[in-house]
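So the sequences go chain by chain: A and B. For the first sequence, counting from 1, position 79 maps to 80 in the working numbering; every step adds exactly one. For the second sequence, counting from 1, position 68 maps to 84 in the working numbering; every step adds exactly one.
Mixed in with the good hints there might be a few duds.
[Said to hold, decoys possible] Sample of chain A residues lacking proximity to chain B, with all beta carbon distances greater than 10 Å (derived):
id : residue
1  : D8
2  : E45
3  : T107
[To be verified] Simulated pairs of lysine-lysine, DSBU-like, Cα-Cα distance not exceeding 30 Å:
id : chain 1 : residue 1 : chain 2 : residue 2
4  : B       : K122      : B       : K19
5  : B       : K89       : B       : K122
6  : A       : K12       : B       : K122
7  : B       : K89       : B       : K19
8  : A       : K12       : A       : K58
9  : B       : K32       : A       : K58
10 : A       : K12       : A       : K72
11 : A       : K58       : B       : K89
12 : A       : K72       : A       : K58
13 : A       : K15       : B       : K89
14 : A       : K58       : B       : K122
15 : B       : K86       : B       : K122
[Claimed, not checked] One side of the interface only, derived from the structure: several residues of chain B facing chain A at Cβ under 8 Å:
id : residue
16 : A17
17 : K19
18 : L118
19 : G123
20 : V127
21 : P130
These are calculated hints, taken from the structure and not from any lab test. Every residue, glycine too, gets a C-beta built ideally from N, C-alpha and C.
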Amino acid sequence: DTGVSQDPRHKITKRGQNVTFRCDPISEHNRLYWYRQTLGQGPEFLTYFQNEAQLEKSRLLSDRFSAERPKGSFSTLEIQRTEQGDSAMYLCASSLEGFTGIYGYTFGSGTRLTVV
Amino acid sequence: AQKITQTQPGMFVQEKEAVTLDCTYDTSDPSYGLFWYKQPSSGEMIFLIYQGSYDQQNATEGRYSLNFQKARKSANLVISASQLGDSAMYFCASEVYGNNRLAFGKGNQVVVIP
């Protein structure tokens, strides 16, 4: 078990470009979550998947954002037509359905996006 | 909606001393969990300790303990015998059971000095 992996660790992009991030959860975890963390703030929930189904999306997830988890394993988060306000750390977490608390969420190291 | 409040300014702590980080939460749901995470400069959110709303005793994990005062909706983290590696941001978070997400506070910056 290598934990939750995110790729890339850092991404610098020009405004208007599209970017895609990848998250590989812990293999036996069937739930996967995306959070966004802006400077000086705590992480904010964006969306979560149970297996391949996207069950909930936050209002923070504008139409320019799309997340997928095609085979219930890894997930991708794409941002189209990036804006400077999209600059943030994007954190992925995974968990096993029905287990919260001490057995709950495992986070990755995040992808830090800078839009210039 | 869940709301987590962490209002302390950045803190400097002498190595080997204890530090208390304040956290208050606001939820009307009776079933919830409270978490503390550590975020070093590398960015990863590292789970430290968990307290369930129905737990009778305060949670402890090694040098970490959670001072849970349910009536005051307070869940303060105590780090004993601070080490240089404890320098990081610390986040308090809550989860209402069944909501499938964490609500985080803004964090507390801790710097441990030798």
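Hint by hint, here is what the structure shows:
At roughly 13 Å from the closest C-beta of chain B, the C-beta of D8(A) stays outside 10 Å, upholding its exclusion from the interface. Once the 10 Å rule is applied to beta carbons, E45(A) is inconsistent with being away from chain B; the minimum gap is 7 Å. At roughly 7 Å from the closest C-beta of chain B, the C-beta of T107(A) falls inside 10 Å, breaking its exclusion from the interface. The hinted pair formed by K122(B) and K19(B) meets the criterion: a straight-line CA distance of about 10 Å does not exceed 30 Å.
Straight-line distance between C-alpha atoms of K89(B) and K122(B) comes to about 17 Å, which keeps the hinted pair within the 30 Å bound. For the given pair, K12(A) sits about 24 Å from K122(B) by alpha-carbon distance, which is consistent with the 30 Å threshold. As the CA atoms of K89(B) and K19(B) are separated by approximately 11 Å, the hinted pair is consistent with the 30 Å bound. Using a Cα cut-off of 30 Å, the hinted pair K12(A) and K58(A) holds, with the two alpha carbons roughly 24 Å apart.
Note on K32(B) and K58(A): the hinted pairing is violated, with a Cα-Cα distance of about 44 Å set against a maximum of 30 Å. For the suggested pair K12(A) and K72(A), the alpha carbons sit about 25 Å apart, so the restraint of at most 30 Å is met. Our distance criterion of 30 Å between C-alpha atoms is met by K58(A) and K89(B), whose separation comes to about 28 Å. For the hint pairing K72(A) with K58(A), the CA-to-CA distance comes to about 19 Å; that is within 30 Å, so the pair holds.
Distance restraint check for K15(A) and K89(B): the Cα-Cα separation of roughly 44 Å exceeds the 30 Å cut-off, and the hinted pair is therefore not satisfied. Straight-line distance between C-alpha atoms of K58(A) and K122(B) comes to about 22 Å, which keeps the hinted pair within the 30 Å bound. A distance of roughly 21 Å separates the Cα atoms of K86(B) and K122(B); the hinted pair therefore holds under the 30 Å criterion. With a least beta-carbon distance of about 11 Å to chain A, the hint placing A17(B) at the interface is violated under the 8 Å criterion.
With a least beta-carbon distance of about 11 Å to chain A, the hint placing K19(B) at the interface is violated under the 8 Å criterion. For L118(B), the shortest C-beta to C-beta distance to chain A is roughly 7 Å, which falls under 8 Å, so the interface hint holds. Interface hint status for G123(B): upheld, as the beta-carbon distance to the closest one in chain A is roughly 6 Å, under 8 Å. For V127(B), the interface hint is violated, since its Cβ never comes within 8 Å of a Cβ in chain A; the closest pair sits about 16 Å apart.
Interface hint status for P130(B): violated, as the beta-carbon distance to the closest one in chain A is roughly 27 Å, over 8 Å.
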